[in-house]
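Asks: Sequence:
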Amino acid sequence: MSKKALILFGSPLCTHCTPAKEYLESKGVKFEYFNITDNLSHLKFFLKFRDNNSDFDELKNRGIIGIPCLMCDNGNRFIFDIENTDLSEFL
Numbered sequence: 003m004s005k006k007a008l009i010l011f012g013s014p015l016c017t018h019c020t021p022a023k024e025y026l027e028s029k030g031v032k033f034e035y036f037n038i039t040d041n042l043s044h045l046k047f048f049l050k051f052r053d054n055n056s057d058f059d060e061l062k063n064r065g066i067i068g069i070p071c072l073m074c075d076n077g078n079r080f081i082f083d084i085e086n087t088d089l090s091e092f093l
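Numbered according to my numbering, the sequence shown spans residues 3 to 93.
Source of the hints: derived by calculation from the structure; they are not laboratory data.
Check each hint, because a few of them may be wrong.
[Unchecked claim] Okay, the calculated beta carbon distance ranges per label pair:
1. LEU42 / ASN86: 17 to 25 Å
2. LEU93 / ARG64: 28 to 36 Å
3. SER56 / SER28: 24 to 32 Å
4. ASN63 / SER90: 25 to 33 Å
5. THR17 / LYS62: 13 to 21 Å
6. ASP88 / ALA7: 16 to 24 Å
7. LYS46 / ALA7: 17 to 25 Å
[Stated by the list, open to error] Distance condition first, Cα-Cα at most 27 Å in a straight line; then the derived DSS-like pairs of lysine-lysine:
8. LYS46 / LYS62
9. LYS32 / LYS50
10. LYS62 / LYS50
11. LYS46 / LYS32
12. LYS23 / LYS50
13. LYS23 / LYS62
14. LYS23 / LYS46
Small disclaimer: the values here were computed from a predicted structure and weren't measured.
The beta-carbon is built from N, C-alpha and C at its ideal position, and this holds for glycine as well.
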């Protein structure tokens, strides 16, 4: 996975995930989609980052799963407010 590789963690069961996925597609952002409710290996991969990264602490404290989540820079950066973030660096 290259430094600029993006992974969108989401689920069709999440009301915010489909709009986030469609937004990225409409902007021409290239990403890989990991459906965490359809694929156990995707869920485990997501939880590895979520459970060990302080970026998720506030969300976990509020009882939020943390999806949709755009993982950048091989897990060194996470974007949660996808539709309100400047994504030009990924185009």
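Asks: Next step is simple, just say for each hint if it's right about the structure.
Replies: The hints, checked one at a time:
1. LEU42 / ASN86: 17 to 25 Å: Since LEU42 and ASN86 have Cβ atoms about 31 Å apart, the given range 17 to 25 Å is violated.
2. LEU93 / ARG64: 28 to 36 Å: holds (31 Å)
3. SER56 / SER28: 24 to 32 Å: Since SER56 and SER28 have Cβ atoms about 31 Å apart, the given range 24 to 32 Å holds.
4. ASN63 / SER90: 25 to 33 Å: holds (31 Å)
5. THR17 / LYS62: 13 to 21 Å: Cβ of THR17 to Cβ of LYS62: about 19 Å, so the range 13 to 21 Å holds.
6. ASP88 / ALA7: 16 to 24 Å: holds (18 Å)
7. LYS46 / ALA7: 17 to 25 Å: holds (19 Å)
8. LYS46 / LYS62: holds (16 Å)
9. LYS32 / LYS50: holds (23 Å)
10. LYS62 / LYS50: Satisfied, since the Cα-Cα distance of roughly 14 Å is no more than 27 Å.
11. LYS46 / LYS32: holds (23 Å)
12. LYS23 / LYS50: holds (22 Å)
13. LYS23 / LYS62: At roughly 22 Å apart (the allowed maximum being 27 Å), LYS62 and LYS23 satisfy the hint.
14. LYS23 / LYS46: The given pair, whose Cα atoms are some 20 Å apart, holds under the 27 Å limit.
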